[in-house]
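S.K.: Given chain A, work out where chain B should sit, using these hints.
Number of protein chains: 2
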Amino acid sequence: MTVTPSSALSSHSSAGRTASGVLSPVRIAVDCMGGDHGPSITLPACQAFLARHPDAELVLVGLPEAIRPAAHWPRVTLVNASEVVTMDDPVEVALRRKKDSSMRVAISQVKATADQPAAAHACVSAGNTGALMAVARYLLKTVEGIDRPAIATVMPNQKDGFTTVLDLGANVDCSAEHLLQFAVMGSALVAAVDGKDNPTVGLLNIGEEVIKGNEVIKQAGELLRAAHERGLLNFHGNVEGNDIFKGTSDIVVCDGFVGNVALKTSEGLAMMMATFIKQEFTRNIFTKMAALVAMPVLNQFKKRVDHRRYNGAALLGLRGLVFKSHGSADAFAFEHALNRAYDAARHRLLDRVHDQIAATLDSLPSGDQDSAAGVGQAA
Amino acid sequence: MTVTPSSALSSHSSAGRTASGVLSPVRIAVDCMGGDHGPSITLPACQAFLARHPDAELVLVGLPEAIRPAAHWPRVTLVNASEVVTMDDPVEVALRRKKDSSMRVAISQVKATADQPAAAHACVSAGNTGALMAVARYLLKTVEGIDRPAIATVMPNQKDGFTTVLDLGANVDCSAEHLLQFAVMGSALVAAVDGKDNPTVGLLNIGEEVIKGNEVIKQAGELLRAAHERGLLNFHGNVEGNDIFKGTSDIVVCDGFVGNVALKTSEGLAMMMATFIKQEFTRNIFTKMAALVAMPVLNQFKKRVDHRRYNGAALLGLRGLVFKSHGSADAFAFEHALNRAYDAARHRLLDRVHDQIAATLDSLPSGDQDSAAGVGQAA
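So the sequence lines, in the order shown, correspond to chains A and B. End of the first sequence sits at 389 in my numbering; the numbers just go up one at a time, nothing left out. End of the second sequence sits at 389 in my numbering; the numbers just go up one at a time, nothing left out.
Extracted from the complex, chain A is given alone in its bound form (with noise of 0.2 Å):
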């Protein structure tokens, strides 16, 4: 069962925005349920959350007795929700079957309708990917323009800053199309939770030296430069893996297979490398003793390479902002994934990336949008 909050907000609208562009105040709906610790690190995150943005609101949907202890909370609206989608539900039970899920009801919350502005500006979920994404597109359908939403990361760079890359597992088979469409959703991002304007946009790569890209990269590469011409996005050619660390462009474009791959693998090294570091310095009672004088530099590294500061995904191409969170996320995690989606929100994001991609399709003639393009894979 639903309870509407009482006042409703539409990012659409201009009600609610400040003299200077951004919305106030922002209102973000929390499946309180997702991850693998669900209310326990949710809640806690949601709280600091608050303390952090006096004019945020969160509408905290969950089972009624996990998320009662926030009932007093201020600016917060309780919805309940009699269902879980659980880490392993396949997508279907998520979809078809589950139809009172916290993940769903949450994700309602930032469906607008012809009647009613939506309840809240973004959704915030930790649970599982494929049910999210599914049944996000479900309910709120692609931006006109759009043909398939995109998952979109931050990694950390040698510049001490994040490079955002996309898609990461959404679409495993792109044509150029959708690579380009992938270019603005993330410009349209970059700018509005980094705050960076015509931030540049590497198409992923493989060595030159071995062989120049296939197909599906060539055409892209001609429609990302077209697209430039026009000013339409901030193009800078060719990336290769090693760039995303580098920092050499502020986004990175690649299909979802290669995305998830690279991700994957950049934390599979991480966690190496912590082990081996881990088992370097506890070693003897020396290398015990060395660690403790290396202690607080070690920590300030850590720091640096700290993936929960970088938490919270962002499915793009949505009528609706809805943010993903890393399952296994800690409260301090959660709390940046409420970050993102409050930045993505009060920046107006889904006005952008309708605009841009509005702008993108009248400047260029991009033909079919399943042409024969799609055909020969983004290997």
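You may find that some hints are simply not true.
[Claimed, not checked] What the simulated footprint calls covered on chain A by chain B, stretch by stretch (three residues with Cβ under 8 Å from a Cβ of chain B suffice, anywhere in the stretch; the number is not a length):
(1) 251-258
(2) 264-277
[Said to hold, decoys possible] As a list, the in silico BS3-like pairs of lysine-lysine whose alpha-carbon atoms are at most 30 Å apart:
(3) 313/A / 298/B
(4) 169/A / 312/B
(5) 288/B / 312/A
(6) 312/B / 256/A
(7) 169/A / 256/B
(8) 151/B / 228/A
(9) 206/A / 288/B
(10) 298/A / 256/B
(11) 288/B / 256/A
(12) 108/B / 312/A
(13) 288/A / 108/B
(14) 206/A / 256/A
(15) 169/A / 206/B
(16) 288/A / 256/B
(17) 256/B / 228/A
(18) 256/A / 313/B
(19) 288/A / 288/B
(20) 312/A / 298/B
(21) 313/B / 169/A
(22) 298/B / 288/A
(23) 312/A / 256/B
(24) 298/A / 288/B
(25) 169/B / 312/A
(26) 169/B / 121/B
(27) 256/A / 109/B
(28) 288/A / 206/B
(29) 169/B / 151/B
(30) 169/B / 288/A
(31) 298/A / 121/B
(32) 288/A / 256/A
(33) 312/B / 288/A
(34) 169/B / 298/A
(35) 121/B / 206/B
(36) 121/B / 313/A
[To be verified] Listing some non-contacts, in silico: residues in chain B with all C-beta distances to chain A over 10 Å:
(37) 73
(38) 74
(39) 78
(40) 103
These aren't lab readings, by the way, just hints derived from the structure by calculation. We put the CB at the ideal spot given by N, CA and C, even for glycine.
M.R.: Then chain B, alone, in the frame of chain A:
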């Protein structure tokens, strides 16, 4: 101009094979001019290699004045070449114009003809990958049953071993049959070089919770399962990017685009982490003192992840053994590439690939090698 070495051996002949089945002596042809540094690193590496392997012989190929210092070394034959393929030379230049390059002459040493066995059992070059693959493929041709050669390299894993990954960029568009061939060749490589019988093969895929891979991956999974059931290889199942560093399977098979991105992304992350560690330890006088204390531990760590220790990628599927050293390799790294070539030749990798591919073709009705399966790409 080429001076053919006086004695010639073939890995396909039983001559020179010891009772234990290993080949001895082993003769390696070295492109002394390849890489960023040429003879200044290749020659010292060759000298160290010879000292370590009393049954090894080297065929040193290069400009006469460059290789002259090695003229009086024991177990060495000098072969002159009049040209050098630069790191920037396009494939066409290496292939069509520089017909007496050190790279080409070195590769030609491992080519056997109907009349004459090959002059060397394996060849090592640090020259540019595209040129090396093209020239090797042109001169040596592929093994029967192999459509496309692949590049295989090793990455360190959390089990303190190595994971062999292929393809690394030779093939951007792969069919399921190609992935099966990579699996067979990778198994032969690991058995020969790492001495591991019946190594496990993982098929690189993306998180099942998102989507279960595309058509090519699914078909490849079926082919690999069938090969496993017939005892042709040891298929572990699907793996994800992080499994490369976990060491979940001995071999990880993927198309060249994905493999190249995974490799380059890993290199980029490792470099960023090394930079961050260095920055933190050199930040001020206190951190520098901590660095002094931690240095021996950090050096142990560095040694474990030292990429020079796993230098030497194998070009598999050719009728001759060719190993590629990183272009920027130092003498220590180049010697490791020589070691890998030596191990491969000594344990008759060429015969193993040949035999295993033949057995697979006999046993599995693989159908049209470039069938429709090759159209929908392994993204």
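S.K.: If a hint holds in the structure, say so; if it does not, say that too.
M.R.: Here is how each hint holds up against the structure:
1. 251-258: This one holds; 6 residues, not fewer than the three required, reach chain B with a Cβ under 8 Å.
2. 264-277: Since three or more residues must qualify, the claim that chain B covers the segment 264-277 of chain A holds, with 13 doing so at under 8 Å.
3. 313/A / 298/B: holds (19 Å)
4. 169/A / 312/B: Distance of about 23 Å is within 30 Å: holds.
5. 288/B / 312/A: Judged against 30 Å, a Cα distance of about 13 Å means the pair holds.
6. 312/B / 256/A: With Cα atoms ~20 Å apart, residue 312/B and residue 256/A stay inside 30 Å; holds.
7. 169/A / 256/B: holds (28 Å)
8. 151/B / 228/A: holds (29 Å)
9. 206/A / 288/B: holds (29 Å)
10. 298/A / 256/B: holds (25 Å)
11. 288/B / 256/A: With Cα atoms ~16 Å apart, residue 288/B and residue 256/A stay inside 30 Å; holds.
12. 108/B / 312/A: Since the Cα atoms of residue 108/B and residue 312/A sit roughly 50 Å apart, the hinted pair is violated (cutoff 30 Å).
13. 288/A / 108/B: The given pair, whose Cα atoms are some 51 Å apart, is violated under the 30 Å limit.
14. 206/A / 256/A: Judged against 30 Å, a Cα distance of about 18 Å means the pair holds.
15. 169/A / 206/B: violated (42 Å)
16. 288/A / 256/B: holds (16 Å)
17. 256/B / 228/A: Violated, because 34 Å separates the two Cα atoms, which is more than 30 Å.
18. 256/A / 313/B: holds (23 Å)
19. 288/A / 288/B: holds (17 Å)
20. 312/A / 298/B: Cα-Cα ~17 Å, so holds.
21. 313/B / 169/A: holds (26 Å)
22. 298/B / 288/A: Holds, at roughly 20 Å.
23. 312/A / 256/B: holds (20 Å)
24. 298/A / 288/B: holds (20 Å)
25. 169/B / 312/A: holds (23 Å)
26. 169/B / 121/B: Violated - the C-alpha atoms of residue 121/B and residue 169/B are around 37 Å apart, more than 30 Å.
27. 256/A / 109/B: violated (38 Å)
28. 288/A / 206/B: holds (29 Å)
29. 169/B / 151/B: violated (36 Å)
30. 169/B / 288/A: holds (14 Å)
31. 298/A / 121/B: Status violated; Cα separation ~55 Å.
32. 288/A / 256/A: At roughly 25 Å apart (the allowed maximum being 30 Å), residue 256/A and residue 288/A satisfy the hint.
33. 312/B / 288/A: Roughly 13 Å separates the two Cα atoms, so the pair holds.
34. 169/B / 298/A: Measuring from Cα to Cα gives roughly 22 Å; hence the hint holds.
35. 121/B / 206/B: holds (28 Å)
36. 121/B / 313/A: violated (54 Å)
37. 73: Consistent with the label, residue 73/B stays out of reach of chain A, its closest Cβ about 22 Å off (over 10 Å).
38. 74: holds (28 Å)
39. 78: Check passes; 30 Å lies beyond 10 Å.
40. 103: holds (12 Å)
Checked against the numbered hints given earlier, the structure breaks hints 12, 13, 15, 17, 26, 27, 29, 31, 36 and satisfies all the rest.
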